[in-house]
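Asks: Given next are the chains, with one letter for each unit.
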Amino acid sequence: MNIRLGRRSFLGATVIGAAASLVACSSGGAETQEQARQLVIGATAPPAALDPSTNSGAAIPQALLYNVYETLVKIDSDGQIVPLLATSWNESEDGLTYTFTLQPKATFASGAALDAEAVKTSLERVKNDDAVLATLKSQLGAMESVTVQDASTVVVKLSQRDNDWLYYAAQTAGIIYDPDGIDSLGTAPAGSGPFVFESWSEGNPMVLTRNESYWGTPTVFDSVTFKYFSDPTAENSAMSSGDLDVISNMQAPQAISQFEDPDQYTILNGTSMGEVVLGFNHQREAFSDVRVRQAINYAINRSDLLQTVTAGYGTLIGSMVAPTDPWYEDLADTYGYDPDTARRLLAEAGYGEGLDLSLRVPSLPYATSAATFITSQLAQVGITVTTDTLEFPSRWIDEVMTKSNYDMTIISHVEGRDIAKWANPEYYWHYDNPEFTQLITEAKTGPADEQTEKMKQAARVLADDAAADFLYSMANLVVLRAGISGISENLTSESMDLTAASSTDI
Amino acid sequence: MGALLRIRDLRIGFGRAEALHGIDLTVGEGARVGIIGESGSGKSVTALATMGLLPDTARVSGSIELGGRQLVGLSDTGFARLRGDVVSMIFQEPMTALDPTMRVGRQVAEVLRLHQGAPAGRARERVIEMLSQVGLPDPERISMSFPHQLSGGQRQRALIAMALINQPELVICDEPTTALDVTVQARVLRLLDEQLDAAGAACLFISHDLAVVSQVCDEVLVMYRGTIVESGPIAQVLENPQHPYTAGLIATARIDQIEPGRPLPVIENFWDGKEGRP
Amino acid sequence: MTDDEPDPGVPVFEARGVSRTFRRSGTRGRVLTTALDGVDLTVRPGQRLGIVGESGSGKSTLIRVLDALLPPSSGEVLFRGRRIDNASSRQLGDLRSSVQMVFQDPRSSLDPRMTVGDIITEPLRSPLLRSRPDVPRNHGERLAEVLEQVELEADAAGHYPHEFSGGERQRIAIARAIAPRPDVLIADEAVSALDVSVRAHVLNLFADLVRSDRLTLIFVSHDLAVVRHVCDHVAVMRSGRIVESGPIEQIYASPAREYTRNLLASVPKLRVRTASSRRTATEVPDEMPPGPDDPPA
Amino acid sequence: MRRSHPLVVGAVLVGLICILAVVSFFWTPHDPGLVDASIALQPPSRTYPLGTDGFGQDIFSRILVGARICMLVGVMAVTIGALLGVPIGILAGMSRRHVGRRIMRWADIFYAFPALLLAILLAAANGTGSTMTAMIAIGISSIPAFARVANTASRSVMSRDFVAAARSSGIGWTAIAWRHVLPNILPVVLVQVSSALGRAILAEAALSYLGVGTQPTTPTWGRMLYDAQKFVYDHPAQIAVPAVFIAITVLGFNLLGDGLREALDPRLRQEA
Amino acid sequence: MRALGAIARQLLSLAGSLLIASFIVFALINALPGDVAATILGPNSDPASIAALRERMGLDRPLLLRYVEWLGGLLTGQPGSSALSGAPIGSIIGPKLAVTAWLATLSMLMGVVLAVPTGLYSAVRRKRADGVIISGLTQVAMAVPHFLVGLVLMIVFAVTLRWLPANGYTPLTSNPLQWLRHLVLPVAAIAVVEAAMLIRYVRSAFIDVLNEDYFRTARAVGWRFVPAVIRHGLRNASLEVITVAGLQLASLFVGSIVVENVFLLPGLGSQLLTAVNQRDLPVVQAIVMIFVAIVLVINTVVDICYHLLDPRVRAQDEETSS
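Protein chains in written order, with the UniProt record's numbering: chain H, 1 to 506; chain W, 1 to 278; chain X, 1 to 297; chain E, 1 to 272; chain R, 1 to 322.
Everything labelled a hint here was simulated from the structure, so no lab data went into it.
Nothing here was measured: the structure is a model prediction, and the numbers come from that model.
Beta carbons: idealized from backbone N, C-alpha and C, even for Gly.
Watch out, some of these pointers could steer you wrong.
[Stated by the list, open to error] Okay, derived cross-link-like pairs now, EDC-like style, lysine to aspartate or glutamate, Cα gap no bigger than 16 Å in a straight line:
id	chain 1	residue 1	chain 2	residue 2
1	H	Lys444	H	Asp94
2	X	Lys269	W	Asp209
3	H	Lys444	H	Asp418
4	X	Lys269	W	Glu239
5	H	Lys137	H	Glu124
6	H	Lys137	R	Asp46
7	H	Lys403	R	Asp46
8	H	Lys157	H	Glu91
[Unchecked claim] Sample of chain R residues at the chain W side, in silico, Cβ under 8 Å:
id	residue
9	Glu212
10	Asp213
11	Thr217
12	Arg219
13	Ala220
14	Gly222
15	Trp223
16	Arg224
17	Phe225
18	His232
19	Arg235
My request is simple: use the sequences and hints to build the entire structure.
Replies: Written as structure tokens, this is what we have:
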């Protein structure tokens, strides 16, 4: 080859040289001190906005609740309500008045004092401002008035007893916002927590930095970054290549084997508040007959389903109750796997020759896998299922929740204590069981100590009546890089509580 | 004058068919030898073999000697040194023979610099001089323009300039004027005749038209289906062709001798050796 | 032969002041080139008109205008006294049945995907010709007739064009032209692409057909010798204009215009170059008027 | 036509896949949809020639059914592209140069909507991606390629003398299009069909990967590839099987296209 | 220079196509069922508050009015703001466009750098073994989906060997080295497939040259085989490369969605997917319009380059026959 080609091979040499240098200086090896103080967390559904009070995305409280925003009281990792901004509170005999004594040292990140007046503004905003989400309004529905007794005491009066009010006040509904920043919550969250919002925009990570003037015990981390992965495999690869320190909730448990080395990773297999429910549309004629609903429960081998969909991670449940709920009872074997009984019940209900049902699932990994499993299992008892996936969130919400244009669907309900939804016939299941509704209202408005017993009875009614096929409670599968600790195993609230997180490398 | 080009028993085959069945021909220094024949007679294949430009599917045997050098089996590098310097070739279709994306002057200069390594400046002068020598009216403009801006005649003259710029010993022309208009053809033939004299170069001139060959050449070979059926000085071949095919060829070429209205003579009247209809 | 015997008085074709320009939208903007520049021409029935000229002289454009394949930019074209330059394609039934064309390149004038039989009988199936009385009805019979007339075997009908030589393919093209029994045959460089030996056969075929079917012939060629043999009249064209026209012997013997003289002089004649006579130039004058040598049209 | 390697190899590969697709209509070793958690992620064995996937479904049966659906998507998409693209190309090729250029300009607007973009929008419109939306999206986006091929080929046929001959005997434009232009451009269109089929299969795989392609329960190879992704660390074979079948099919179509192009290219034919 | 006339004409028709495409884009996207208001307010929001929000966002006004408004905004540089987060679209899309632009252009560049020499080599040695092997490998490389190549590269180089980061992105401005390290694998994943396609075109362009008369002239004047191919083939092939590379670059902008997904690059592709899922129509419209505009602009630029560079094309315009 003459010189002309020679020049090209020279070009080739430089390219290879550059590549080698690029690789050589990769960090690999031991983390520098400075990097150890930056915590990087992998999560799945990205937030659509920043203001938890006007946008319903679960990703917002996950990152901001307790970390940036604080509430009077909070839910700890065992599901108990413990003091936070309020050092103590007491509930009147008739359960209608709650008196909170505020933490004197508490200040907002902006430096302003967190006094009774600020609490009053935030709580009343939920009641009066129509931009606030309807769910939050109904959670604090019973709240009638908020009065400032003195700078560090607040008295809340309820119109009627509501044993769940304090539970909800401990989460998103009860966030105490910095009054000065209330109008720009959409772009600049202003709270009082150990972290301060640093940056986020659509499609990019959410970055929080340490609140230098935090009133409580400060965090050991300089910053926390939430990276959002739409694809589970990409998230796993990021973890194994050292880009991530924590996977908040592993979507594809099948690939967990790569993190089984205890020196490198710790795996937390806790429970979450998410109940994965095979919901029935009770408006449909077939589902008005309890035998059909029970037949479906008998026809699906839920432990096999758990093995296939989440490689065995998660807890089998029998009703709309998560293991962390105080009134949890293991009702998993209300209906064992018994295809013959299922066929018998179907025949009795008049569907001996067969039943056609549609199963419309959101485009989420667990839902589509479960759909494949359920379609095949129901086929063996004579129920022909036609499955289609609806784009989540918009199309699924539109078709299933707003228009109830479905026979069966699969979704995980992540809000805490969402068993109460079964008492609302307007909700997309359209379930109307007076006995159940009565128990729920009694539990909510009756004496506090009777709440747990009443809720247990309600859960049993749901299970016996086969209101739905309660498949399993999602596992809260957290993967930590060795050395990271202080992150709770169970998911007891909407928040990923990092206030107690720390790392041995720091 | 020793023989410049001596071809002995040249056989060329493609796949199963053999296009040339062993031909012998000699071209003396400065001699002008024409080859006439119809399509498929093997005249172009002979030219391409002498230039070493046959496709690599061709099987060549026999000997081609040019100025004492054996060309059959010569390496591409060896042949490249000869082409454009010792032996050069002019092709039939001027419209596509020049690189459309390169200015004409540069293509001509390439030939010069390739063989004589002349510095750019001197090469430019030599090119302008050569372009005017081949009768192009405005050599500067021509050398700066692209091929598509020139007429067929002008492009063929530029190609002639390229063929002659290195004063080759042998110039092979394969139907150089067939694609040109008759008036342009007349002038190009005359130009070719003069320039070959000026360069003292020998010429192997291939055409299907006997009249055109007679303008440039002294001797002529008649090829038919891969063999030479007759050869000799043009006058002798014209006056009393030995082979009936030659006689037929000459008769059909001279249609101006035939009374309008009377049927034209066809080769079959002279020679029935042709297999199958034309 | 044909029932409405053409009245000898009315000319077959008449072109009055016919011009044709082409608009080119190259990077050098709208460039207008004139292919025909005010041509006047009359073709009488039974006449054998040769049209000669070099490339770019407009001879091919002229016959396309005459055959109404190309509308003229200005001027009038009449076929048997009736204007055809502005007629709609349906009104051209008479022209289409009476006038047929033969083209130059045998490789391009036959559709490689059709059998020879279909190619030859295609004009008979044309909507304009099918219903006309003077066009043969029985295609099979006519096919055999014309194949025999152009000296091709009957079984050629079933084969495809690529199975035939250049000469045979040109015969097929001629068979296609004469199938609908036209009165006028237009040949556009019909023998230029053929070998010399084959050319004679095809020219003889043309001569026989013109005589036997009493056809009017318009023969376009750059080869003056061929035209002289085939035609009785000739028109010499240059840069879109007819430079000279008239009976062929008179034009060839004493051309009035200098361009015609040069044209005739340029035809290479068989001559003997004795060693001494190397310097005798052919009769071509040194200084040729510029023209056919300028950049392509 | 000289024996050309690409044509033979291409035809064999494509033939193989077609056989798989046809067989799947009548027989699959197991029910492709049958889920059995106990036998998930089995290596290839006698009963499960290609092993089982994460749901315990027989991979070989799903590959068979996948072949049928991928071919269906490919063929339907290419039909849409050809049926719309080729006539536009012929129309542009047969009309005058500047009119032709304007028509092609319109066809090129479809270039602006690549298959992926259309699929995302159609999936959103239809509520969910499905084989139908994939077909339409890939089909529409292949229109300009067909139009371009048909345009250049038709324009060169129109320059041939046999078209002038037909015109001079009064044959109408539509007859010329049917009898002369279409048969003569068919070979070139065929070459385009073959490579377009290859591209369609790749596009379907990409769409399924993004979740805007076919339904989760319909076993296309793209879907299988997507589902197998989670097992990429400890069961890499899961991803290899569908990937290999996609590659074989696309390779087959591309080779077929090259082979046809070589066989039909007049220049190469003279060389033979 | 008269050539400007042709370019002006092409730019005019580009503007025309853009306008038509913009209407198609707007109409198509606004026909999408499912509603951003419902997404914002969440699952159990009541129809009344959804309707109120829709009204506040002006989603009920007639399509044509909104189209004109949107077009006006587009032309004056304010494409509006995201329906979900209220952030101005420019700030959302700007950095993302940079990522996709870098990804597409770098992989096309690497593709061309790989394709031209290999195409030349496989053309020159097409009869010999290594030539056949190269074209065989090219065929295989073209038959493998982008994302699979990406996945394999990621597993080998990022996860197992840990040489390069598995995913994520650092803007060029903040850390050029990290920026480069994040782009190496995704660019390689795309470049491998794109180069394969390009090699075929370059190879056929060089082989075409072998059949040209001017190549035979070059050989006849004394050029050896390979220099002759390069000298005359390179220009012809480069024209071919410009056209094909142009078309590929255009489709690459959208094609990179898949690779963005594998390597988690915050490009336009992944942003489009999330925006469509959330029915954030203003963002969807803006991104789709950008993709459409990029494709049309690149096609026009390729046409113009072809016109300027190839004297033959200018000659083609001067063809006389109608």
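Asks: All hints, please: hold or fail.
Replies: Against the structure, the hints come out as follows:
1. H:Lys444 <-> H:Asp94: Holds, because 13 Å separates the two Cα atoms, which is no more than 16 Å.
2. X:Lys269 <-> W:Asp209: holds, 10 Å
3. H:Lys444 <-> H:Asp418: Holds - the C-alpha atoms of Asp418 (chain H) and Lys444 (chain H) are around 13 Å apart, at most 16 Å.
4. X:Lys269 <-> W:Glu239: Roughly 15 Å between the alpha carbons, so the hint for Lys269 (chain X) and Glu239 (chain W) holds.
5. H:Lys137 <-> H:Glu124: holds, 10 Å
6. H:Lys137 <-> R:Asp46: holds, 12 Å
7. H:Lys403 <-> R:Asp46: Holds, at roughly 12 Å.
8. H:Lys157 <-> H:Glu91: The given pair, whose Cα atoms are some 10 Å apart, holds under the 16 Å limit.
9. Glu212: holds, 7 Å
10. Asp213: Holds, about 4 Å.
11. Thr217: holds, 5 Å
12. Arg219: holds, 6 Å
13. Ala220: Holds. Min distance 5 Å.
14. Gly222: The hint holds - Gly222 (chain R) has a Cβ within 8 Å of chain W, the shortest such distance being about 4 Å.
15. Trp223: This hint holds: Trp223 (chain R) lies near chain W, its Cβ roughly 7 Å from the closest one there, short of 8 Å.
16. Arg224: The hint holds - Arg224 (chain R) has a Cβ within 8 Å of chain W, the shortest such distance being about 4 Å.
17. Phe225: Holds: closest Cβ of chain W sits about 6 Å from Phe225 (chain R), inside 8 Å.
18. His232: holds, 5 Å
19. Arg235: Holds - the Cβ of Arg235 (chain R) comes within 8 Å of chain W, reaching about 5 Å at its closest.
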